[in-house]
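> With these hints in hand, go ahead and build the complete structure from the sequences.
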Amino acid sequence: MSEENVKIGLETHLQLLTDSKLFCGCPTTGNDNPNTRVCPTCLGMPGSRPRINKRAIEMGIKVAAALGCETPDEMNFSRKTYFYPDMPKNFQITQFSIPVGTNGEVTMELDSQEKTVRIKRVHIEEDPGKLKHIGGNITSSDYVLIDYNRSGVPLCEIVTKPDLKSPEEARTFLRKLSEIFEYLGVYDTTGEATIRSDANISTGGERAEVKNITGFKDTEKALRYEIRRQVNLKKRGRKVKRETRGYDDKSGTTKPLRTKEQEADYGYIFEPDLTRIELRDSWVNTLEKEIPELPHQKKRRYVDEYQLSKEVAAAICSDFDMTKIFEDIINKGKNVSIVANILSGPVKKVLNYNEIRLAESEIDEQKIIKIVDMVENKEITDRNAEMIIRDIAIEDKDPEDVKKEKGLGAVTDDKIDDMVDEVLRENEDVVEDYMNGKGEALNHLVGKIMEKSRGNADPRNARDTLKKRIEN
Amino acid sequence: MKNNELERIASAACIDLTENEKKGLEEDMENILDWFSQLDKIDTKDVEPAFHPIDIKNEMREDVVEECLDNEDVFLNTENYEDGFFKGPSIGD
Amino acid sequence: MSASEFVTGEVDLEKFHKKLEKRIDGLVELGLIRPIDYEYSDKKDGKLNGLPFTLKDSICSKNDPTYAGSKILEGYKPPFDATVTKKIKDSGGTIFAKTHQDEFAFGTASTNCAFTTPKNPWDKERCCGGSSGGAAGLSAALDLPHINLGESTGGSISEPASFTGVVGLTPTYGLVSRYGLISFANSLDKIGPISRKVEDAALGLDIISGKDFKDQTTVKKETNYRKSISEDLSGMKIGLPTSYFDIAQDEVSEVVMNAVDDMRSLGAETEEIELEMTEAALPAYYIIAPAEASTNLAKYCGMRYGMEGEPDGNFRNYFSKIRGKGFGEEVKRRIMLGTFTRMAGYRDKYYLKALKVRKKIINDFKRAFKKVDVLAAPTAPMVAPKIEEVEEMAPVEQYKLDKLTAPINLAGMPQLSVPCGFHKKMPVGLHILGDHFQEEDILRAGHNYEKRRGKIDYPEA
Ligand SMILES: [Mg+2]
Ligand SMILES: [Zn+2]
Numbered sequence: 001m002s003e004e005n006v007k008i009g010l011e012t013h014l015q016l017l018t019d020s021k022l023f024c025g026c027p028t029t030g031n032d033n034p035n036t037r038v039c040p041t042c043l044g045m046p047g048s049r050p051r052i053n054k055r056a057i058e059m060g061i062k063v064a065a066a067l068g069c070e071t072p073d074e075m076n077f078s079r080k081t082y083f084y085p086d087m088p089k090n091f092q093i094t095q096f097s098i099p100v101g102t103n104g105e106v107t108m109e110l111d112s113q114e115k116t117v118r119i120k121r122v123h124i125e126e127d128p129g130k131l132k133h134i135g136g137n138i139t140s141s142d143y144v145l146i147d148y149n150r151s152g153v154p155l156c157e158i159v160t161k162p163d164l165k166s167p168e169e170a171r172t173f174l175r176k177l178s179e180i181f182e183y184l185g186v187y188d189t190t191g192e193a194t195i196r197s198d199a200n201i202s203t204g205g206e207r208a209e210v211k212n213i214t215g216f217k218d219t220e221k222a223l224r225y226e227i228r229r230q231v232n233l234k235k236r237g238r239k240v241k242r243e244t245r246g247y248d249d250k251s252g253t254t255k256p257l258r259t260k261e262q263e264a265d266y267g268y269i270f271e272p273d274l275t276r277i278e279l280r281d282s283w284v285n286t287l288e289k290e291i292p293e294l295p296h297q298k299k300r301r302y303v304d305e306y307q308l309s310k311e312v313a314a315a316i317c318s319d320f321d322m323t324k325i326f327e328d329i330i331n332k333g334k335n336v337s338i339v340a341n342i343l344s345g346p347v348k349k350v351l352n353y354n355e356i357r358l359a360e361s362e363i364d365e366q367k368i369i370k371i372v373d374m375v376e377n378k379e380i381t382d383r384n385a386e387m388i389i390r391d392i393a394i395e396d397k398d399p400e401d402v403k404k405e406k407g408l409g410a411v412t413d414d415k416i417d418d419m420v421d422e423v424l425r426e427n428e429d430v431v432e433d434y435m436n437g438k439g440e441a442l443n444h445l446v447g448k449i450m451e452k453s454r455g456n457a458d459p460r461n462a463r464d465t466l467k468k469r470i471e472n
Numbered sequence: 001m002k003n004n005e006l007e008r009i010a011s012a013a014c015i016d017l018t019e020n021e022k023k024g025l026e027e028d029m030e031n032i033l034d035w036f037s038q039l040d041k042i043d044t045k046d047v048e049p050a051f052h053p054i055d056i057k058n059e060m061r062e063d064v065v066e067e068c069l070d071n072e073d074v075f076l077n078t079e080n081y082e083d084g085f086f087k088g089p090s091i092g093d
Numbered sequence: 001m002s003a004s005e006f007v008t009g010e011v012d013l014e015k016f017h018k019k020l021e022k023r024i025d026g027l028v029e030l031g032l033i034r035p036i037d038y039e040y041s042d043k044k045d046g047k048l049n050g051l052p053f054t055l056k057d058s059i060c061s062k063n064d065p066t067y068a069g070s071k072i073l074e075g076y077k078p079p080f081d082a083t084v085t086k087k088i089k090d091s092g093g094t095i096f097a098k099t100h101q102d103e104f105a106f107g108t109a110s111t112n113c114a115f116t117t118p119k120n121p122w123d124k125e126r127c128c129g130g131s132s133g134g135a136a137g138l139s140a141a142l143d144l145p146h147i148n149l150g151e152s153t154g155g156s157i158s159e160p161a162s163f164t165g166v167v168g169l170t171p172t173y174g175l176v177s178r179y180g181l182i183s184f185a186n187s188l189d190k191i192g193p194i195s196r197k198v199e200d201a202a203l204g205l206d207i208i209s210g211k212d213f214k215d216q217t218t219v220k221k222e223t224n225y226r227k228s229i230s231e232d233l234s235g236m237k238i239g240l241p242t243s244y245f246d247i248a249q250d251e252v253s254e255v256v257m258n259a260v261d262d263m264r265s266l267g268a269e270t271e272e273i274e275l276e277m278t279e280a281a282l283p284a285y286y287i288i289a290p291a292e293a294s295t296n297l298a299k300y301c302g303m304r305y306g307m308e309g310e311p312d313g314n315f316r317n318y319f320s321k322i323r324g325k326g327f328g329e330e331v332k333r334r335i336m337l338g339t340f341t342r343m344a345g346y347r348d349k350y351y352l353k354a355l356k357v358r359k360k361i362i363n364d365f366k367r368a369f370k371k372v373d374v375l376a377a378p379t380a381p382m383v384a385p386k387i388e389e390v391e392e393m394a395p396v397e398q399y400k401l402d403k404l405t406a407p408i409n410l411a412g413m414p415q416l417s418v419p420c421g422f423h424k425k426m427p428v429g430l431h432i433l434g435d436h437f438q439e440e441d442i443l444r445a446g447h448n449y450e451k452r453r454g455k456i457d458y459p460e461a
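Chains as they are written, first to last, in my numbering: chain C, 1 to 472; chain S, 1 to 93; chain Y, 1 to 461.
Please keep in mind that the hints were generated in silico from the structure rather than gathered at the bench.
No residue lacks a Cβ here, since even glycine has one placed at the ideal position from N, Cα and C.
Careful, some of the hints might be misleading.
To be verified - Computed, partial: chain S to chain Y, Cβ under 8 Å:
#1 Ala-10
#2 Ile-15
#3 Glu-21
#4 Asp-28
#5 Gln-38
#6 Leu-39
#7 Ile-42
#8 Asp-73
#9 Thr-78
#10 Glu-79
#11 Phe-86
#12 Gly-88
#13 Ser-90
#14 Ile-91
#15 Asp-93
Unchecked claim - Some but not every residue of chain C turned toward chain Y, in silico, with C-beta under 8 Å:
#16 Gly-44
#17 Arg-51
#18 Gly-267
#19 Pro-272
Here you go:
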């Protein structure tokens with residue numbers, strides 16, 4: 001979509017990776033039966049009190065610092081009052097007047113160009129419970145069922161300025177954000193943690209707010225729908241209304257919310273059950289020292305220090321656990337380009353295919369080292385490597401065993417020569433096509449050799465040998 | 001205070017009021033707000049708001065998991081539950 | 001026998017329990033208590049020797065009906081003990097009843113109770129004061145050793161104590177945990193003991209005070225209040241806020257002045273004190289307290305606990321219906337008021353302004369306590385009015401019963417009301433105010449005065 005005047009601002013919520021909830025000791029993960037991880041506080045029972053989790057605050061401070069935000073000397077929490085069945089107290093404890101961070105930025109790469117998205121504010125708040133709509137969809141159900149296990153789970157909200165120009169940019173931004181959170185060790189990309197956004201979208205006229213979009217894909221979809229809706233309105237000579245809309249992931253559309261919810265007056269007051277929090281320099285500095293090298297810094301270093309291509313460096317850096325394995329292995333003196341190619345190539349490909357992160361797979365450092373050694377010693381081809389990785393990603397298997405089991409192993413040059421002989425003999429017509437200038441005919445011949453060798457031949461070697469033999 | 005102001009507050013407070021109650025409240029609130037206006041005279045320039053009467057700060061809890069509520073206690077005070085979930089009114093009209 | 005004597009003395013517990021049992025119906029009849037199922041504590045190591053306690057209806061005790069005086073919570077049984085409740089149980093106290101109060105503590109006369117209106121044992125046509133009216137009335141009516149826990153947001157311990165002729169102690173904000181207290185206004189709420197004698201109030205505070213992991217606004221202070229009260233008054237500097245004596249009815253001020261003379265005769269020195277912010281406190285209080293209260297009360301919506309219906313239809317309609325039905329008149333008024341004063345566009349004018357005024361009030365008191373150890377004044381401007389009279393008052397007139405207690409409550413400073421005489425045959429309260437965490441001073445002043453004053457003949461109830 002290349003609309004000139006598209007402006008998108010996001011308010012994105014990421015779950016902070018604490019053991020206990022933001023204001024009570026209930027665990028954030030574990031028993032998934034509904035309403036089993038709840039207590040008087042996260043159920044909002046009369047007489048209960050919030051007790052703030054120090055670790056969540058520290059994570060917020062780190063996020064703010066990593067996004068280059070200004071940190072206040074002192075901050076506090078507020079009550080944002082609105083009624084909703086998933087909100088036990090009918091107010092949310094969040095940050096209002098003084099959040100943990102303001103005025104930061106995120107730099108990301110778009111079509112190999114750097115782009116900076118300005119961050120308005122970073123704040124910490126509690127998540128509400130989860131609703132199930134019974135007897136219909138969100139707007140037509142008879143009643144709702146509520147699970148408050150999620151109630152009180154700490155969230156970090158990142159609010160951008162309207163710097164994003166397209167749904168694709170928004171998606172890239174969210175990926176970047178989740179990468180940064182992952183590097184900081186404050187976010188679990190593997191669990192059920194989701195990334196949820198509200199988006200402000202304008203296409204030249206008034207802006208509309210679309211609430212409640214979950215995940216990368218849906219953000220792109222919702223934004224695409226909303227932009228199209230606004231553009232179509234204008235085409236028909238109608239104006240975009242300033243309004244709040246909800247995203248319905250089932251239909252992929254946005255719909256206006258009830259006016260009562262649009263006009264909500266949150267009536268913020270200071271949360272009187274919590275104290276103010278002074279962000280003393282010594283505390284903030286200690287936390288800032290714990291901030292690791294961030295994705296864009298690491299990528300730049302990989303390119304400079306290891307002469308990796310930008311693409312290879314980016315692929316490795318998009319998964320924090322992969323960077324750890326990468327650095328560990330090359331510190332053991334292994335061949336940098338082989339390690340980088342295996343990780344950014346076949347490993348990444350297999351993980352993407354299975355839609356998992358490295359940490360969720362069975363792949364570990366020792367297994368990668370074995371594969372690297374096999375490739376380096378020319379025992380297997382790159383293609384073999386991919387076949388092994390496919391097998392060891394989901395099941396805990398030894399690469400050596402897979403290699404044996406599948407009869408994999410690089411073919412010697414003698415054997416290649418023999419196979420080339422055979423293939424040339426059996427495909428005289430294809431050879432002739434090639435001699436007549438049909439370049440792609442050579443691919444066909446290479447394919448034949450790969451077939452004969454059951455994938456064990458090195459395709460590049462096969463291609464070179466074939467070419468030499470035909471052309472001489 | 002205008003009549004729709006009262007409606008707006010009642011809506012924000014999520015509370016049904018009878019016509020009689022509205023009438024009474026309108027009068028009461030006008031009197032009370034009028035009484036509040038004496039604060040306008042007090043100079044509070046350069047005065048920090050006192051969120052608490054005493055100076056307390058940086059009270060925080062370590063990130064430690066504690067025991068949750070027994071499941072039977074969770075639903076002890078309601079009949080509106082189903083399959084381990086609380087039951088509530090719908091979002092739509 | 002006082003509670004303090006009870007816990008240290010040799011008591012035939014069985015006989016004592018029977019005596020108390022016999023009194024319960026009468027206390028219910030006066031509209032003071034709602035008894036709960038209880039067993040006498042047989043904790044041998046407990047300090048309290050089974051001493052009877054009551055809890056204001058807004059203090060949770062596990063599985064006991066706890067309604068905060070509201071229909072919307074009728075039938076509610078908290079699944080946990082408040083910290084003060086736990087402390088009483090752990091110390092071997094026996095909790096035998098909840099005391100009636102104004103709905104969610106919104107009141108100055110306990111005439112806003114959803115269940116019953118407590119009657120003043122001195123004159124059953126008169127109110128007990130509020131909002132801890134049942135608790136105060138109980139101490140006046142019950143001539144057996146006991147301690148009641150009340151709660152004050154803007155004067156709800158001192159004022160009813162004054163109206164019923166008993167001792168009410170409101171501690172410094174943060175000294176006693178609010179965990180398990182059904183909130184009125186969290187930056188103002190304080191739990192404190194009500195009893196017949198100052199020493200008993202000190203004993204109560206010794207039991208319930210202390211830093212609590214479950215309430216992050218509590219403060220660590222190691223003290224022994226009961227021990228500290230016995231020292232004499234020589235050299236104590238008592239400030240007399242002139243504006244307070246002006247506001248109170250002349251006859252009431254006169255009674256209090258006599259008490260001040262008594263303290264002077266015990267060696268205290270007095271000095272007049274100007275408190276500039278006295279008039280501003282009540283409106284500031286009626287902005288801050290409802291603003292916080294209206295958010296606290298948002299949770300009552302017909303889900304999870306309390307009054308409920310069949311949850312059908314849209315949630316806003318359902319919530320509004322239950323809330324319209326479950327809350328009483330004054331609660332609705334304060335919810336509306338509190339919602340308004342924190343709305344965008346009004347927040348600065350009302351809510352934030354009131355918080356700044358509160359700061360000035362704190363400073364006002366801090367200045368006074370640089371000059372004097374404690375302040376002494378009338379607790380309430382008048383004696384307990386008739387229930388009928390209160391019911392005819394306009395809201396602002398009712399609010400004004402808190403005029404002398406609101407400032408010190410906004411400042412979160414400790415206060416002790418001690419009965420000091422009569423007007424129109426109704427008790428008058430001497431209010432002793434102290435700086436933050438100076439409970440020892442006000443208890444010492446109160447205890448010495450009490451000894452000097454002598455016994456009070458409580459009405460046969
Ligand atoms: Mg948010
Ligand atoms: Zn919890």
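> If a hint holds in the structure, say so; if it does not, say that too.
The hints, checked one at a time:
no. : hint    : verdict
1   : Ala-10  : 7 Å, holds
2   : Ile-15  : 5 Å, holds
3   : Glu-21  : 7 Å, holds
4   : Asp-28  : 5 Å, holds
5   : Gln-38  : 6 Å, holds
6   : Leu-39  : 6 Å, holds
7   : Ile-42  : 6 Å, holds
8   : Asp-73  : 4 Å, holds
9   : Thr-78  : 6 Å, holds
10  : Glu-79  : 7 Å, holds
11  : Phe-86  : 6 Å, holds
12  : Gly-88  : 5 Å, holds
13  : Ser-90  : 6 Å, holds
14  : Ile-91  : 6 Å, holds
15  : Asp-93  : 5 Å, holds
16  : Gly-44  : 5 Å, holds
17  : Arg-51  : 5 Å, holds
18  : Gly-267 : 4 Å, holds
19  : Pro-272 : 4 Å, holds
Checked against the numbered hints above, the structure breaks none of them.
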